[in-house]
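Engineer: Please arrange chains S and R with the ligands on chain G, whose structure you already have, making use of the hints.
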Amino acid sequence: MATQTKPQSATDRSEAFKWSMVIDLDRCTGCEACVVACQSENNVPINEESAFIEGRAIQWIRVERYWEGEWPDIKARFIPVLCQHCENAPCEPVCPVYATYHNTEGLNVQVYNRCVGTRYCGNNCPYHARSFNYWEPVWPEDLRNQLNPDVTVRSRGVMEKCSMCVQRIRRSTRSKTPNDVPDGSFDPACVQACPTSAMTFGNLNNPDSKVSKLQDDERKYHVFEHLGTAPTVMYLKQVDTHGA
Amino acid sequence: MGLTRRQFLKWAGVTSVGAVVFNGCRVPDHEIQIQSPVELPEDLVTGRDNYYATVAQVGSGSEGLLVRVMEGRAKKVEGNPDYPLNTGKHHIRAEAMLQATYHPDRIKSPMVRIAKGGPFRAIGWPEALERLTKILSNADSASVLLASGPTRGKLADVTKRFATGYGAQMLGFDPIDQAVLRASIKNIYGQNALPDFDIARADFIMSFGADFLGTWIDPTHFMRGYGEFRQGEGRERGHLVHIDSRYSVTAAAADEWKYITPGSEGLLALSMAHTIISEGIGDRAAALALTGGNLNHLSNYAVSKVASQIGMSAEGIQDLARKFAGTRGRALAIGGGSAGAHTNGVFNLTAIYALNYLVGSVNVPGGVIFNPPGSQSRIDGAPLRDWKAALAAMRSGEIKVLLLRDANIVHGLSAELKVTEALDDLETIVSFSSFLDETTSRADLILPGHTPLEEWGTDVPDVGPGYRTVAFQQPVINRFRDTMAFGDVLIQIAGELGNSMPWNSMRDAVRADARDLHATNRGSVTQPTFEEFWKRSLERGGWWDQGDTVSGVPTPPVLPRTPVQAQLAGDSSVFPLHLVPFESHSIGTGQYAHLPWAQAVPDPITTVAWSTWVEVNPKTAEGLKLKQDDVVTLESASGGFISVPVYVNPATPPDVVSVPIGQGHEQFTTYAAGRGSNILDILAQNEDSDTGSLAWAGTRVRMTKTNTRVGLPKLEGIQEPRQLPGEPVIVVFKPGEADHGSH
Amino acid sequence: MYYRRTLTEAQINQQLLGTVLTTPLWWIVLFSILGIVVAGTVGVVGWMFNQGLGVTGLRQPVFWGFFITNFIFWVGISHAGVMISAILRLSQAEWRRPMVRAAETMTVFALMASLTMPLVHAGRPWRIFYWVFPYDWARGIWPDVRSPLVWDPIAITTYLTSSILFVYTALIPDLAIIRDRSTGWRKSVYGVLALGWHGNPRQWKIQGFAGILLSALILPVFVSVHSIVSWDFSVSLVPSWHVTIFAPYFVIGAVLSGVSAVVTLMIVMRKLYKLENFIWEEHIDALARLLIVVAMAWMFLFWLDLVFALWLKEEQEITVWNLRMFEPPWSWLFFIFFMFSYVIPVSLWMFRSVRRSFTWMLWTSLLVNVGMFLERFLIIVPALMRKGPQTFTYATYRPSPVEFIIIFGTIALVCFLLLVFSKFFPLIPLWEEKEGQLLMDEVKVGNVYVPAMVKEH
Ligand SMILES: Nc1nc2c(c(=O)[nH]1)N[C@H]1C(S)=C(S)[C@@H](COP(=O)(O)OP(=O)(O)OC[C@H]3O[C@@H](n4cnc5c(=O)[nH]c(N)nc54)[C@H](O)[C@@H]3O)O[C@H]1N2
Ligand code: SF4
Ligand code: SF4
Ligand code: SF4
Ligand code: SF4
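Protein chains in written order, with numbering that gives the first Met the number 0: chain G, 0 to 243; chain S, 0 to 742; chain R, 0 to 456.
Don't take every hint at face value.
Said to hold, decoys possible - With a straight-line cut-off of 16 Å between C-alpha atoms, the simulated EDC-like cross-links for lysine to aspartate or glutamate are: (1) S:Lys257 x G:Asp25; (2) R:Lys270 x R:Glu280; (3) G:Lys212 x S:Glu232; (4) S:Lys733 x G:Asp216; (5) G:Lys209 x S:Glu232; (6) S:Lys733 x G:Asp25; (7) R:Lys270 x R:Glu8; (8) S:Lys107 x G:Asp141; (9) R:Lys433 x R:Glu93.
Claimed, not checked - What follows is a list of derived Cβ distance ranges for each label pair: (10) S:Asp318 x G:Glu69: 21 to 27 Å; (11) R:Ile343 x S:Glu255: 57 to 63 Å; (12) G:Ser171 x S:Gly546: 52 to 58 Å; (13) S:Arg234 x G:Trp138: 43 to 49 Å; (14) G:Glu140 x S:Thr548: 31 to 37 Å; (15) G:Leu146 x S:Glu397: 46 to 52 Å; (16) S:Glu665 x G:Glu69: 37 to 43 Å; (17) R:Phe30 x S:Val630: 35 to 41 Å.
Keep in mind that the hints were calculated from the coordinates and are not lab data. Ideal Cβ positions, reconstructed from N, Cα and C, are used throughout, including at glycine.
Here chain G stands alone, though its shape is the one from the complex (with noise of 0.2 Å):
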């Protein structure tokens, strides 16, 4: 089935869409069902016992939990950390073979085939989205018959991240202009399964979409705003009633 379609001019596409994600931190429980839909999706290998004793355990959305004060006055608070797309990302320019680099449509993509493996733009990704891949993935025979065609299996040596399934987005849109992308007629496997509805997708060029809308929320912020990297990806804050 090879419906090939002429690439449409880049500016074509960057004034069409440019894809954003809102965690809502008042919805999430860290629950994890993001974790393992990305895993799923995305063909991230099978974080073994040794991966985490290691400390190499991949996850391209991981969640994060900060405790607060002392028993028994404490709270564990939850955050999913996933690459945040950063208009002005850091991890891009260290790269020496583009294998990690801005699209037309926000994204911040990375390239298996061409990663060389030097791991720079591990080191200067502040919100450690980067995963490296330090062995081969162990994929059992029987098991790849549940890998997804969509994505590149990754090989040992090569550097991988949230790519804001790029290939949902490239099925869901692929000759098609904003228009006939209706807001939420696709999601990112993360957000498909989230049961909190934590997590909105959505384009921002699209002034109607739930993510723009969200742009007004009072509650809005950007992790790390003072390091100016830009993120695309935003989060709501956790409210707290703490004392209330």
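Structural biologist: For chains S and R with the ligands alone, coordinates are given in the frame of chain G:
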């Protein structure tokens, strides 16, 4: 020297021009566009994908699924947006279930073992079925026990019919059964089905021991509501109070988390009830009913009398009671989990659910909403009491043949009960499982079943959405291994044993149910012809009827006048710590331990994966000179002990230790075997006095340091993550404070 | 004024060419040992390529560790050659003569060792050429010149090329001498390499000019190389790397470690090749005094870096420095680094007797380089461990045996290459020594000694 400078300038010039050229011009997108093979020019992605709707029982929950299938292989499990319970979302276990189908250690064909303890030999299905028929026709049917994991829908119906028709005994098995919860719901609301909890529309939720956002009953469904409860459009943000002995994700999500003396949840609820009634702030009719007309009926629970037993201040209880009774809108009380896992389990849960009457939250939006009783059967986990009797019958020879379906009793029942010895006394064990778990590996004959993605069935969810719902399970792929659906085996064997069922196969059976639904001519799918109805409802994943609800509020029973105390097993001077086991959010009670994705997803609170750990309060750890990763032994009065590494958890109460259930498998595939330890083995085998369920939260233990240390496989880094005040990752929003900058 | 040891040309030839024309037993032993270590390391590297970088101690988020440390370390060592040769040659420091060749050669080999490191460290070394060389062939895209990782190979290969030229130019007269003293195939090989050198005045003039010219050309390269290497860090967003002081700080640090390495090499060489007549106490005394100055300049920049960090009161910067300086085991490494590369050697070098003791100088110069390795390690690793405010991801790094083997392997490699080089070429330039001897000759005029020869330039 001049030459040098000139040369230098020249090269500098060339370089900077080059740099400008490279920098200035944007890299044309199409040149490095291969971000996904979807867009490879050669179009290397071959084949078409298709989505099939089905349903799966995930833990106790029911999730409608859409499975992406490509070239005959299931690729991705997604939630079915139409299905009323999970509306497009899904649990990690549902996702991980995909790996059961393609599991490298899945049993590939029927197997038989000629000599006890000898090796298995692969056989074909005709021989397997013949052997099974022979075993059953030779056996005295009363000496056959059919043990099944919790099952709903058509398969439960078929299983029960088979057992009845053949005359076998039948027991459901679930390491953590819900008998206490069901009994309490029956007691207080008179309902046979579990009610729905309308979290989305509640304003104030008090949850007692029920980790409803993590593991309790149907977390995906409850999380759907929770998202709305927090930030739903057009409503005030809800307030959640969670009472539990372990700091779970529900505790973390709560606005207030309170730790009270384990087992005193019922006391707290009744004390709140007493406050509400005596202050006259609740529903008067309900108060009269609950007290049998004597408003002083609950005086034994006056805050002054019970506060110290509960471990809360009198004002604290009163405050909760007042908040519950109306200062915050629609209130909802939920109880379960550890609150029901004591010898006084039914007492506790009955008291908790009675609170809903006092605030008028029974069968109304934002409260407890009743579900119509399912038209189909259910196999629930039988209480411990029944299993103890069954084991005794195995030993005495009353039971000679055991048929197993997803009932791993060797792992799920305590070592104290010596299950393996009882199994050794049996003549024949037949297993229908797809994996060699501890119990199946002792079988003489294995007839491996399909995985949920390969078989036909229905599900009548329990908890349901508040109206009648029947989900259809259909094979989304052909069977991957030489397996046969358990239901089909039963239907076929029943015929050969001379008590045939009205259907030829599970598909037939499901279609028969669909015919009944079609005949109602109402609900989510109505079609003139049955075939159209069948097609449409399979596409939608099922059929539901929002009009078919339960109406009316029952009259509540009178609450018990005298408190029932929880009996903890173990003398507190010898066993100073209260053991609170908890279900793993991913591997459940162990039934998902063979799935690598489930194993590899970190526990949200501790971030530990792949193993067992014991959560210890920092002060307690300090007192015992324990550090993270130190291995300790936990010993209970039953004499059993396990060795586990310590996770120092700042949210663990000082006199409590918590251990996840689910690991400690001796077998059950390479992903589960030899990993961690099984906390169920050291639980005191105390029962809830009403139902006979295992009082799994009622054991005291002693913790002793060993000289071993291990590296805990966890996601968090080397230091306890605390946010840096100047540069927080998670920014909080204090209502009332105008805060527009990030920090 | 140096204590003079007058040697005849014949003596110089005989003593300096001894190693080339004969093969002592120790040479064979050392050659075999180092050869085995190098071959073993190559095997280990091959194994690592086969297994993946999992065999190292690297983990998230410490993406760089021993290999990059080693890379910087050897680039640093390579700064000796130019420092000694070019600067001292341009400034006409007489005492440079016995050291220039060894120092330049070490530069070349150290650079080669350093160049192996990015290769060894890359996740997919078999694709390294996509990065190092322009490779527009089928991919429609050139390397990203914004990346310091593209600047590095350019800088280092430039430096390597010029250093090789530098060594070679200075080697030509000596090659001719060997050619004249050998027979058979050796004679023809050296003959080709000597480029028809006959020592006529025109050739001397060109050779001398080329030497000076290369010295001048190589200086900016020398400064740029370590500056560029330092920009690998400065250009990043990593706290405590993102500092403007890094370029000069790295260059001076490189000179410190490079010159120390030259001291070590001179002393070892003197012992092994019995060069007592050429390498004197005065030489290492002079080097030690140079080292004192360099070390102090370097320490000044080091404190400046620290002061900048404290001055800005940036939380993240301070976190990293705090880890480096006060949290074990990093604080221990920091202490060792500080004592080894500065406090102990510099205070000892204050004493003339130390400066003139080959034993003391051998050990102090070695200390400096142990310390300098740790310094690079402490720049890289703690910064990555505490990269940002996400304390959730804070991790540690412990190099694995594989990394240790590869580090020692590169040391063995450089020694091995020097040893092999010494087999084929004199480690001390004969012609420079002879020129020195001529310049040293003095005649007594009345009560004073005056040089017998005056330099022409
Ligand atoms: N409106 C206006 N804008 C101006 C100017 C103006 O006159 N008017 N002036 C312009 C001019 S001339 C200049 S120079 C720029 C200056 O602008 P910047 O270059 O931004 O200068 P700084 O803020 O001094 O330094 C930037 C950061 O670099 C880091 N840093 C730099 N060096 C070191 C170091 O050695 N050690 C450590 N630890 N950290 C270091 C610190 O994190 C510091 O916060 O501003 C320009 N912007
Ligand atoms: S979050 Fe990290 S990886 Fe993602 S764009 Fe920003 S810097 Fe790059
Ligand atoms: S690891 Fe890969 S993507 Fe990252 S900088 Fe190196 S080559 Fe580029
Ligand atoms: S957007 Fe896609 S790739 Fe990114 S974290 Fe979510 S599921 Fe993973
Ligand atoms: S799935 Fe949603 S609620 Fe769960 S951890 Fe991810 S973002 Fe949070």
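Engineer: Indicate, hint by hint, whether the structure satisfies it.
Structural biologist: Consistency of the hints with the structure:
no.	hint	result
1	S:Lys257 x G:Asp25	20 Å, violated
2	R:Lys270 x R:Glu280	13 Å, holds
3	G:Lys212 x S:Glu232	13 Å, holds
4	S:Lys733 x G:Asp216	14 Å, holds
5	G:Lys209 x S:Glu232	13 Å, holds
6	S:Lys733 x G:Asp25	12 Å, holds
7	R:Lys270 x R:Glu8	22 Å, violated
8	S:Lys107 x G:Asp141	11 Å, holds
9	R:Lys433 x R:Glu93	12 Å, holds
10	S:Asp318 x G:Glu69: 21 to 27 Å	22 Å, holds
11	R:Ile343 x S:Glu255: 57 to 63 Å	60 Å, holds
12	G:Ser171 x S:Gly546: 52 to 58 Å	36 Å, violated
13	S:Arg234 x G:Trp138: 43 to 49 Å	46 Å, holds
14	G:Glu140 x S:Thr548: 31 to 37 Å	49 Å, violated
15	G:Leu146 x S:Glu397: 46 to 52 Å	50 Å, holds
16	S:Glu665 x G:Glu69: 37 to 43 Å	39 Å, holds
17	R:Phe30 x S:Val630: 35 to 41 Å	51 Å, violated
Of the numbered hints stated above, those contradicted by the structure are hints 1, 7, 12, 14 and 17, listed in ascending order.
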